[in-house]
Amino acid sequence: MLVLEGLTKRYKTGDLALDHVDLEVPKGQVLALIGPSGAGKSTLIRCINRLVEPTEGKVVLNGETISRLGSGGLRRARRRMGMIFQEYALVERLSVMENVLSGRLGYVGFWQSWFRRFPPKDIENAYRLLERVGLEQFYDKRADELSGGQRQRVGIARALIQDPELLLVDEPTASLDPKTSRQIMRLIRELCAERGLAAIINIHDVALAQQFVERIVGLRQGKMVYDGPPDGLTPEVLTEIYGEEDWQATRKKGGEERAADAIVEDDERLAGAL
Amino acid sequence: MPLTGTAEGPVWRRRTSGRQWAIWSAWLAGTALFVACWQVISASTTWFFVTDSPRVIADIGSRMVPPAWGYLGKLWEPMWDTINIATLGTLLAIVMAVPVAFLAARNTTPSALVVRPIALLIIVSSRSINSLIWALLLVSIMGPGVLAGIIAIALRSIGFIAKLLYEAIEEIDRSQVEAVTAAGAGRGQVMAYGIVPQIMPAFAGIAVFRWDINIRESTVLGLVGAGGIGLQLQSSLNILAWPQVTVILLLIVATVLVSEWVSATVRHKII
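As they're listed, the protein sequences go chains A and B. Quick note: the first sequence, position 212, residue 212 per the working numbering, numbers continuous. Quick note: the second sequence, position 246, residue 246 per the working numbering, numbers continuous.
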């Protein structure tokens, strides 16, 4: 469904953030993108919806080459890609409802959105999504009154109301505590399964990635150095992606279900290691 | 290198000795300049008038009391004019300053090479000319009256409002703009959802603050014929009616106090 061909980004400063990345994401696949800070993870997902203009290469979504679209076409293409951010990126001074409805901006005209006259169907949808992420009683609260986990849920609802085919998720859990992180990852995972969405999730937490996704891509200095199942992340592979370190404590050990406190402990060790 | 090794161990100083000497000589030069200036000013002052001034103050002071409270009845209308000059002038300034601010802000300007310098030029020229000078110019162009005062206040305020507003626009959180853009919003929608909510508190604060300043500035505009309470002040001063001057000054102080209270309350409510 999504195909990246030779995607390259060189910033004006001369830094090569992405170096000929080829990637194919089939419909409904949830993929984690791991790699050290500065490896180009954020640049990669921003090149897909062209918040960052790629220097070279192609981005093709369902046969349409996004990297060639004009501004109107790009607007329509962006509607099909929901984005979820690390620091939530909610419009802090607007209400939860307005934030969720802002996901529909690609579908409504300027004056309609200025006077907040969204179609009744959008409002019904927004309410249903808030219910789905467990925030239905918060619709009238201002975004800056919510906790981190609640804000990220609003961010997820905003991405989903776009009715996307693909989710671009940039470090969804980096600002959250381990328990909330797991809840948010599980929610994203479930929603993708419910709606048959593909997702690219940038994530720092290797153990968390292994727990929740079916495919992992490792990026180092803008190059893809790993593409495979979560179980394939051996200490050698992690060394290849991140550099030399004691990886034994970081990797997922065996079974799917682990005690929550063990996970927390794991996180702390990882935080110490990185 | 402030950290040096000695026989007794490392010694750390805040600055290198060269830097320390430079700072001392700068202080010395500053002091010398101050003394020199003092001398020049002292030489060109007629000390007789200065030593005489306490007597003059006491004299004028004694003439100023008791205030001519009866004169207050004639002041309500010019005071109302003054408040209107300030309020309408501020509103007019806001209407013109908001687009200028968006054109001047680095992150919203359509062209950093052409449009931005023009917007900055508008801001600088409006800010560098005092409203009293604007009023002088306008009174000679369009004749005396309240209209000249309103426009003088507006012209002076454009730069102030636009400058503070464009700084607020440049300081917004970019990720909110990114999020709205990523949803497929158009240029106008990105502004309405990504930028406007973020600058609203700053905007309200700036507008009310400027209104508060304008109340004070518009009290003097009458001195050059641009309407308002200043006109009364001018004529009372001319006929040396000191008790009337007292009433006018007290009224101005009261009005400024009220406007300051209003502006503080509004800012507190909005932020």
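Please note that the accuracy of each hint is not assured.
[What the hints assert, rightly or not] Below, a sample of chain A positions facing chain B; criterion: calculated Cβ distance under 7 Å:
| hint | residue |
| --- | --- |
| 1 | 25 |
| 2 | 55 |
| 3 | 103 |
| 4 | 183 |
[Claimed, not checked] Beyond 10 Å from chain B on every Cβ pair, some chain A residues (computed):
| hint | residue |
| --- | --- |
| 5 | 155 |
| 6 | 162 |
| 7 | 238 |
Just so you know, these hints were derived from the structure itself, not from any lab. Glycine included, each C-beta is placed from N, C-alpha and C at the ideal position.
*Grab the minimum beta-carbon distance between residue 238 of chain A and chain B and tell me whether it stays above 10 Å.*
29 Å, holds
*Does residue 162 of chain A sit more than 10 Å from chain B, CB to CB?*
6 Å, violated
*Once the shortest beta carbon distance from residue 25 of chain A to chain B is found, is it less than 7 Å?*
Check failed: Cβ of residue 25 of chain A comes no nearer than 18 Å to chain B, outside 7 Å.
*asked:* Let's test the interface hint: is any C-beta of chain B closer than 7 Å to that of residue 183 of chain A?
replied: Interface hint status for residue 183 of chain A: violated (21 Å vs cutoff 7 Å).
*Could you check that no beta carbon of chain B comes within 10 Å of the beta carbon of residue 155 of chain A?*
The assertion about residue 155 of chain A is violated, with a minimum of 8 Å to chain B.
*Please verify that hint: residue 103 of chain A, Cβ, nearest Cβ of chain B, below 7 Å or not.*
5 Å, holds
*For the hint on residue 55 of chain A, does the least C-beta distance to chain B fall short of 7 Å?*
19 Å, violated
When the structure is compared with the earlier hints, violations turn up for hints 1, 2, 4, 5 and 6 and for no others.
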